[in-house]
Amino acid sequence: MDFQSCVTITKEWDIVGARQLGRDIAKKIGFGTVDQARIATAISELARNIYLYAGTGKICFETMDNLNSKGLRIIAIDNGPGIQDLTQVMTDGFSTSGGLGAGLPGVRRLMDEFDVHSQEGEGTEINVVKWLR
Amino acid sequence: MSTLKLDVNSYRDLLKQYIEYQDEQALYRAEQFSKQAIQHNISPDEIVDVYIQSLLDLYPDLSPSVKHSLNFLLETMISFGMAYQEFQALREKQLELQSEISVAANMQQTLLSTTKPNIPNMDLGAISAPAKQMNGDYYHFVEDEQGSLGIAIADVIGKGVPAALCMSMIKYSMESFPHSRMEPGVILEGMNRVVERNVDPSMFVTMFYGLYDGRNHEFHYSSAGHEPGFYYCAAEDAFYDIEAEGLVLGVDRKVTYHQYVQQVAPGDMVILLTDGVTECRVNDRFIEREEICEVLSQYKHLSAQEMTEQVYRYFERLQDFHLRDDFTMIILRRDV
Numbered sequence: 059m060d061f062q063s064c065v066t067i068t069k070e071w072d073i074v075g076a077r078q079l080g081r082d083i084a085k086k087i088g089f090g091t092v093d094q095a096r097i098a099t100a101i102s103e104l105a106r107n108i109y110l111y112a113g114t115g116k117i118c119f120e121t122m123d124n125l126n127s128k129g130l131r132i133i134a135i136d137n138g139p140g141i142q143d144l145t146q147v148m149t150d151g152f153s154t155s156g157g158l159g160a161g162l163p164g165v166r167r168l169m170d171e172f173d174v175h176s177q178e179g180e181g182t183e184i185n186v187v188k189w190l191r
Numbered sequence: 165m166s167t168l169k170l171d172v173n174s175y176r177d178l179l180k181q182y183i184e185y186q187d188e189q190a191l192y193r194a195e196q197f198s199k200q201a202i203q204h205n206i207s208p209d210e211i212v213d214v215y216i217q218s219l220l221d222l223y224p225d226l227s228p229s230v231k232h233s234l235n236f237l238l239e240t241m242i243s244f245g246m247a248y249q250e251f252q253a254l255r256e257k258q259l260e261l262q263s264e265i266s267v268a269a270n271m272q273q274t275l276l277s278t279t280k281p282n283i284p285n286m287d288l289g290a291i292s293a294p295a296k297q298m299n300g301d302y303y304h305f306v307e308d309e310q311g312s313l314g315i316a317i318a319d320v321i322g323k324g325v326p327a328a329l330c331m332s333m334i335k336y337s338m339e340s341f342p343h344s345r346m347e348p349g350v351i352l353e354g355m356n357r358v359v360e361r362n363v364d365p366s367m368f369v370t371m372f373y374g375l376y377d378g379r380n381h382e383f384h385y386s387s388a389g390h391e392p393g394f395y396y397c398a399a400e401d402a403f404y405d406i407e408a409e410g411l412v413l414g415v416d417r418k419v420t421y422h423q424y425v426q427q428v429a430p431g432d433m434v435i436l437l438t439d440g441v442t443e444c445r446v447n448d449r450f451i452e453r454e455e456i457c458e459v460l461s462q463y464k465h466l467s468a469q470e471m472t473e474q475v476y477r478y479f480e481r482l483q484d485f486h487l488r489d490d491f492t493m494i495i496l497r498r499d500v
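If you're matching them up, the sequences are chains A and B in order. Just so we're aligned: the first sequence equals residues 59 to 191 in the numbering used here. Just so we're aligned: the second sequence equals residues 165 to 500 in the numbering used here.
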């Protein structure tokens, strides 16, 4: 594993920066255009959540290079209010974005691995991985 | 994401065929292709991707600006793909819920089942059909030790699962009453306390309880805001409303219910129903109570059970086979 870099999210414009960096890394790893676009969409969702609900946080990228597979890990960290009911947030159709297929269930579908930790009043950490096949 | 890798080669051949000849056959096969893609849960963005790959295979010298524009198209399709996946997941969940509800509906049917007692010189018929899968109506027959027949009919205002849950509670409370002497007023007062204590204030239950005494052919009854039934007088060949005053269950803990009595002569009928019958809607108009009497009259030569079934079929047809509310009807006729 090689620690890459982070983008701080404080304003809406930073979402674009995070997408750009994520896409560049994904391209370097060898992801095709569809996967690049999916990764960028997942980054958008994660970064928007930070921007809308936590105010500030960061998106970090790690290149994964195991013996038999390469991939990209994205970690979204914030010190916001945290998520009260994770089960509800992970339920389809719950997303406050108005049923646009987005939200965390959407991110889970776009990626191969998904993990979320959240503590009320302390913040949220979402960890996702996309593997290159 | 997809269980079947899209066959880029066959798509490319199809595209090539269409670009060359613009024939209907290629378009028909394209339609088959998209149907297959749906069957295999392949999202729209993947189709766009296959298209782009095929185009680049066919035209390697495609201008860079066109290539960029295709990637732009792909990018705009990603969210559609997500929405499509979500839609699929929700559809599966809906099927799951539906089957859960039908299991619950079966359970409810078993729970609420009541046996129609055989009483000498008495013809009894009953039908209850839910508007949705679960029934918010309830009826129950009890024979007491003096050979009298108790008939309960109740309606939870509202329908579907919440009404059905409430109904199950009513049933168990009814069964916990002592079977010695089922005085209608006393029973409704007891049920009123149960509902007041256990049911959400936003939910109302109406109930009618009647007790038919086989020895003197008196029908004693009380009503808790329930839809008035009909009394058919054979001698006059006329229908009368069974009027009874009483507050719906669960509003006021201290309410008492007045008990009425009706003498039943041979050939006379007592018809009890829920508002699913009277509030039957045809073209945005509620049917009149007189219409129900006309329909009842039309079938009065039949047995009580056949009558309930024919009346139900009549209103079912009248409403285009789409009940708006749970429908329950009980008919009791003194034979001799």
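Check the hints yourself; a few may be wrong.
To be verified - Which bits of chain B does chain A cover? Going by a derived footprint, with three or more residues having C-beta under 8 Å, they are:
hint	stretch
1	208-215
2	230-243
3	253-259
Just so you know, these hints were derived from the structure itself, not from any lab. Nothing here was measured: the structure is a model prediction, and the numbers come from that model. Ideal Cβ placement from N, Cα and C applies to all residues, glycine included.
Against the structure, test the hints numbered earlier, and report the numbers of the ones violated in rising order. The structure breaks none of the hints.
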